[in-house]
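Engineer: Quick note, the sequences are listed as chains V and U, same order. Every letter in the first sequence is one number past the one before it in the numbering used here, and letter 219, counting from 1, is 219. Every letter in the second sequence is one number past the one before it in the numbering used here, and letter 392, counting from 1, is 392.
These aren't lab readings, by the way, just hints derived from the structure by calculation. One thing to keep in mind: the hints can contain errors.
What the hints assert, rightly or not - Some, not all, of what chain V presents toward chain U, calculated at C-beta under 10 Å:
no., residue
1, A17
2, G267
3, R378
Claimed, not checked - The calculated lysine-lysine pairs, modelled on DSS-like cross-linking and capped at a C-alpha distance of 25 Å, are:
no., chain 1, residue 1, chain 2, residue 2
4, U, K356, U, K82
5, U, K231, V, K401
6, V, K90, V, K4
7, U, K96, U, K401
8, V, K82, U, K283
9, V, K231, U, K401
10, V, K273, V, K349
11, U, K273, V, K283
12, V, K273, V, K231
13, U, K96, U, K82
14, U, K90, U, K231
15, V, K4, V, K82
16, V, K82, V, K96
17, U, K273, U, K218
18, U, K273, V, K273
19, U, K82, U, K273
20, U, K4, U, K82
21, U, K401, U, K90
22, U, K401, U, K356
23, V, K283, U, K82
24, U, K283, V, K273
Glycine included, C-beta positions come from ideal geometry on N, C-alpha and C.
Chain by chain, the residues:
There are 2 protein chains.
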Amino acid sequence: MSMKGNGVVAQSGGPTAVINNSLCGVIQEWLSNNFEGTLLGAIHGIRGVLEDSFIDLSRQKKENIEGLKFTPGTALGSCRYKLREEDYRKLLRVFKEKGVRYFFYIGGNDSMDTANRVHQLALEDNYEMTVVGIPKTIDNDLPCTDHCPGYGSAAKFLAATVLETGIDLKGVLNNNRIKLMEVMGRNAGWLAASTALARRTEEDAPHLIYLPEVPFSKERFLHDVQETYQKLGFAYIVVSEGIVDESGRYIFSSSGKDSFGHSELGGLAGVLKELIESRVGTKVRCNVLGTAQRAAMHFASRTDAEEAYMVGKEAVRLASRGTSGIMVAFVRDESAGYTCFPANVELSKVANVEKKVPLEWINAEHNFVTEEFIRYARPLIRGEVDVPTRDGLPDYRELEKYSDSLSAVKS
Amino acid sequence: MSMKGNGVVAQSGGPTAVINNSLCGVIQEWLSNNFEGTLLGAIHGIRGVLEDSFIDLSRQKKENIEGLKFTPGTALGSCRYKLREEDYRKLLRVFKEKGVRYFFYIGGNDSMDTANRVHQLALEDNYEMTVVGIPKTIDNDLPCTDHCPGYGSAAKFLAATVLETGIDLKGVLNNNRIKLMEVMGRNAGWLAASTALARRTEEDAPHLIYLPEVPFSKERFLHDVQETYQKLGFAYIVVSEGIVDESGRYIFSSSGKDSFGHSELGGLAGVLKELIESRVGTKVRCNVLGTAQRAAMHFASRTDAEEAYMVGKEAVRLASRGTSGIMVAFVRDESAGYTCFPANVELSKVANVEKKVPLEWINAEHNFVTEEFIRYARPLIRGEVDVPTRDGLPDYRELEKYSDSLSAVKS
Numbered sequence: 001m002s003m004k005g006n007g008v009v010a011q012s013g014g015p016t017a018v019i020n021n022s023l024c025g026v027i028q029e030w031l032s033n034n035f036e037g038t039l040l041g042a043i044h045g046i047r048g049v050l051e052d053s054f055i056d057l058s059r060q061k062k063e064n065i066e067g068l069k070f071t072p073g074t075a076l077g078s079c080r081y082k083l084r085e086e087d088y089r090k091l092l093r094v095f096k097e098k099g100v101r102y103f104f105y106i107g108g109n110d111s112m113d114t115a116n117r118v119h120q121l122a123l124e125d126n127y128e129m130t131v132v133g134i135p136k137t138i139d140n141d142l143p144c145t146d147h148c149p150g151y152g153s154a155a156k157f158l159a160a161t162v163l164e165t166g167i168d169l170k171g172v173l174n175n176n177r178i179k180l181m182e183v184m185g186r187n188a189g190w191l192a193a194s195t196a197l198a199r200r201t202e203e204d205a206p207h208l209i210y211l212p213e214v215p216f217s218k219e220r221f222l223h224d225v226q227e228t229y230q231k232l233g234f235a236y237i238v239v240s241e242g243i244v245d246e247s248g249r250y251i252f253s254s255s256g257k258d259s260f261g262h263s264e265l266g267g268l269a270g271v272l273k274e275l276i277e278s279r280v281g282t283k284v285r286c287n288v289l290g291t292a293q294r295a296a297m298h299f300a301s302r303t304d305a306e307e308a309y310m311v312g313k314e315a316v317r318l319a320s321r322g323t324s325g326i327m328v329a330f331v332r333d334e335s336a337g338y339t340c341f342p343a344n345v346e347l348s349k350v351a352n353v354e355k356k357v358p359l360e361w362i363n364a365e366h367n368f369v370t371e372e373f374i375r376y377a378r379p380l381i382r383g384e385v386d387v388p389t390r391d392g393l394p395d396y397r398e399l400e401k402y403s404d405s406l407s408a409v410k411s
Numbered sequence: 001m002s003m004k005g006n007g008v009v010a011q012s013g014g015p016t017a018v019i020n021n022s023l024c025g026v027i028q029e030w031l032s033n034n035f036e037g038t039l040l041g042a043i044h045g046i047r048g049v050l051e052d053s054f055i056d057l058s059r060q061k062k063e064n065i066e067g068l069k070f071t072p073g074t075a076l077g078s079c080r081y082k083l084r085e086e087d088y089r090k091l092l093r094v095f096k097e098k099g100v101r102y103f104f105y106i107g108g109n110d111s112m113d114t115a116n117r118v119h120q121l122a123l124e125d126n127y128e129m130t131v132v133g134i135p136k137t138i139d140n141d142l143p144c145t146d147h148c149p150g151y152g153s154a155a156k157f158l159a160a161t162v163l164e165t166g167i168d169l170k171g172v173l174n175n176n177r178i179k180l181m182e183v184m185g186r187n188a189g190w191l192a193a194s195t196a197l198a199r200r201t202e203e204d205a206p207h208l209i210y211l212p213e214v215p216f217s218k219e220r221f222l223h224d225v226q227e228t229y230q231k232l233g234f235a236y237i238v239v240s241e242g243i244v245d246e247s248g249r250y251i252f253s254s255s256g257k258d259s260f261g262h263s264e265l266g267g268l269a270g271v272l273k274e275l276i277e278s279r280v281g282t283k284v285r286c287n288v289l290g291t292a293q294r295a296a297m298h299f300a301s302r303t304d305a306e307e308a309y310m311v312g313k314e315a316v317r318l319a320s321r322g323t324s325g326i327m328v329a330f331v332r333d334e335s336a337g338y339t340c341f342p343a344n345v346e347l348s349k350v351a352n353v354e355k356k357v358p359l360e361w362i363n364a365e366h367n368f369v370t371e372e373f374i375r376y377a378r379p380l381i382r383g384e385v386d387v388p389t390r391d392g393l394p395d396y397r398e399l400e401k402y403s404d405s406l407s408a409v410k411s
């Protein structure tokens with residue numbers, strides 16, 4: 001296979017602290033290989049492709065590209081947009097017009113479905129194109145990979161926050177010594193589970209963790225909270241935003257749906273706060289970190305950042321060999337400590353599949369995780385990223401968004 | 001004045017990231033001076049004194065004392081407890097019984113009132129005792145001091161979080177591009193104001209900041225949000241939990257009161273979210289960091305940590321000279337960059353007085369702060385604390401709580 005033609009890289013969906021590490025890996029690997037074409041960055045993800053909005057990544061300053069390694073958020077911009085049938089046709093048309101032969105899509109489940117559809121469409125159309133998916137999700141719910149880039153950093157920040165706010169809670173004698181933290185994760189409890197890493201002794205937070213993988217019973221929950229509170233004099237509870245009742249309905253769901261038809265979550269902490277206050281009779285205070293949990297590069301996992309960079313580079317290496325219709329995945333090797341190396345898996349096996357926390361990693365009482373989970377998660381949060389600061393704040397970088405048209409990009 | 005007699009140090013109220021730095025300063029300065037008596041730590045603040053619950057701080061391992069410099073929360077424990085008249089009598093009785101001649105109280109407005117009452121009572125009783133208040137509050141609302149230990153670290157973490165979640169917000173095109181962050185601060189807006197440090201360009205978060213110092217008008221608020229959203233396509237709003245309407249009533253206040261009779265706040269973000277969604281018609285997502293903002297030692301301000309240590313040491317130095325009834329304060333010197341040195345102020349001038357953000361540091365539109373505020377706050381967040389980590393998480397330390405009785409402490 002020739003290495004002619006241009007490339008497009010796009011970021012999709014919710015950011016992670018390290019999604020730009022993958023972008024950096026793609027750009028640096030592209031520039032150091034013998035690709036003859038130009039690498040374009042789609043602005044705001046797939047919307048950028050549909051709306052012909054790109055930047056030429058080879059024109060970026062080297063230090064800004066390198067700066068992506070310590071900058072959270074989506075440097076190219078991303079979107080949440082459900083593609084319609086005609087959009088797929090348009091994508092292929094734009095790719096053909098721009099002479100795009102390589103498409104790198106950094107995203108989660110929905111994005112791997114999109115990448116797979118583009119791959120299939122190109123095949124049907126006999127348009128020679130290499131499509132490679134690059135995993136990204138704080139939710140850690142992509143299948144066929146040991147874990148996902150973005151998870152380790154969110155897990156590290158959440159565990160550190162539970163550690164710190166747990167020490168805070170334990171220290172203060174007052175009338176609101178029940179703490180509730182609501183954590184992201186629509187259908188998989190990986191993030192909520194990760195807060196268990198903060199706990200070293202029985203008194204340490206968190207004391208109770210509730211995951212969407214097992215049905216949530218209000219009565220059992222109240223019993224657990226009461227028991228912990230009576231024993232310790234305080235209680236720290238972590239709940240995944242996506243917990244469901246016996247019949248699979250979300251404990252809290254606003255009436256709205258997001259653009260993929262998923263129920264929009266939020267407000268669960270308030271519901272459980274009221275439940276505890278009315279039934280246990282003790283005041284509850286809530287921490288709802290929101291998007292802070294997916295953006296906290298200031299305390300990101302170095303392991304995660306390096307692995308996110310690695311999948312970006314690996315995607316380009318695979319593409320240079322003409323491998324298409326795949327997602328880069330992680331394989332863990334524990335023969336000598338923890339190491340992680342890249343593999344790949346067919347997009348069709350990943351698209352729209354959610355990997356959940358194995359039931360055997362959840363305790364019998366359904367209110368904590370087992371040691372096996374801890375062993376799995378511990379290596380993923382190791383190390384810190386060296387973020388430069390200016391005047392006491394992280395000195396994050398931006399890509400320059402050249403306003404000149406890219407219509408001159410040769411096809 | 002002789003340096004005979006024992007000392008008691010206690011921590012009060014809500015923790016800060018650096019309150020243990022002040023404790024460390026007190027212990028280390030006590031141990032390195034010629035005090036003949038023992039330094040006792042009251043467990044859970046003033047409650048420890050009332051309930052005869054102390055630890056002997058001279059028996060602590062040196063590395064645990066040194067570890068206080070990077071450990072958040074209250075290492076001795078604190079409480080929220082409004083002292084009754086008979087409690088004051090009891091305090092003095094306990095101090096006499098234990099031969100306590102020095103009392104160091106680390107706390108905020110309410111605590112400085114308590115310290116002052118103890119000081120007055122000892123005077124009336126002709127009991128020779130030296131009482132020194134050590135300022136501590138993330139709210140930065142103590143008067144007669146340039147700023148308060150604890151503020152810089154909370155401000156730094158909040159500004160970093162707004163910076164990171166602002167980048168997150170800007171990047172993602174979706175249907176909820178209005179972000180609301182609720183920040184602590186009952187009657188003073190110092191913390192909400194500090195998030196302005198994150199902003200370098202017009203597009204940067206935060207775009208709007210609302211403080212309790214000026215009345216909050218829902219209509220003006222909605223107008224501001226609408227205008228920003230139309231201009232940028234997204235909007236990042238920071239509100240202080242204590243904002244009030246024209247007649248001084250909290251915009252949100254649950255029916256409960258805390259033990260000092262202050263209204264308990266929380267839930268404001270939800271109220272404003274609904275307001276915006278119904279009137280502007282755009283979905284809003286909230287970040288409510290809760291106690292994370294006062295516990296985040298993992299990204300604390302080194303300036304703040306060092307100054308918190310300094311006030312602890314200074315308190316003991318003042319006590320060694322017999323100065324009683326005072327609080328250590330900060331004076332700023334900007335003759336050659338920023339430097340800060342300790343001064344002291346009478347407790348009676350500090351007790352129960354709240355220092356608010358000067359009105360001239362709030363813009364005419366009442367929706368942001370001026371450059372003067374930025375100049376004031378910028379130096380306070382500089383530098384990071386070197387926190388050791390273990391397995392990817394901060395390796396915080398604990399004091400050993402010896403269970404043996406302290407009745408043997410000689411009076």
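Engineer: Does each hint hold? Answer for all of them.
Structural biologist: Taking the hints in turn, this is what the structure says about them:
| no. | hint | result |
| --- | --- | --- |
| 1 | A17 | holds, 8 Å |
| 2 | G267 | holds, 7 Å |
| 3 | R378 | holds, 6 Å |
| 4 | U:K356 to U:K82 | holds, 23 Å |
| 5 | U:K231 to V:K401 | holds, 19 Å |
| 6 | V:K90 to V:K4 | holds, 22 Å |
| 7 | U:K96 to U:K401 | holds, 23 Å |
| 8 | V:K82 to U:K283 | holds, 18 Å |
| 9 | V:K231 to U:K401 | holds, 19 Å |
| 10 | V:K273 to V:K349 | violated, 40 Å |
| 11 | U:K273 to V:K283 | holds, 23 Å |
| 12 | V:K273 to V:K231 | holds, 20 Å |
| 13 | U:K96 to U:K82 | holds, 22 Å |
| 14 | U:K90 to U:K231 | violated, 62 Å |
| 15 | V:K4 to V:K82 | violated, 31 Å |
| 16 | V:K82 to V:K96 | holds, 22 Å |
| 17 | U:K273 to U:K218 | holds, 12 Å |
| 18 | U:K273 to V:K273 | holds, 19 Å |
| 19 | U:K82 to U:K273 | violated, 34 Å |
| 20 | U:K4 to U:K82 | violated, 31 Å |
| 21 | U:K401 to U:K90 | holds, 24 Å |
| 22 | U:K401 to U:K356 | violated, 38 Å |
| 23 | V:K283 to U:K82 | holds, 18 Å |
| 24 | U:K283 to V:K273 | holds, 23 Å |
Taken one by one, the earlier hints fail for this structure at numbers 10, 14, 15, 19, 20 and 22, listed in ascending order.
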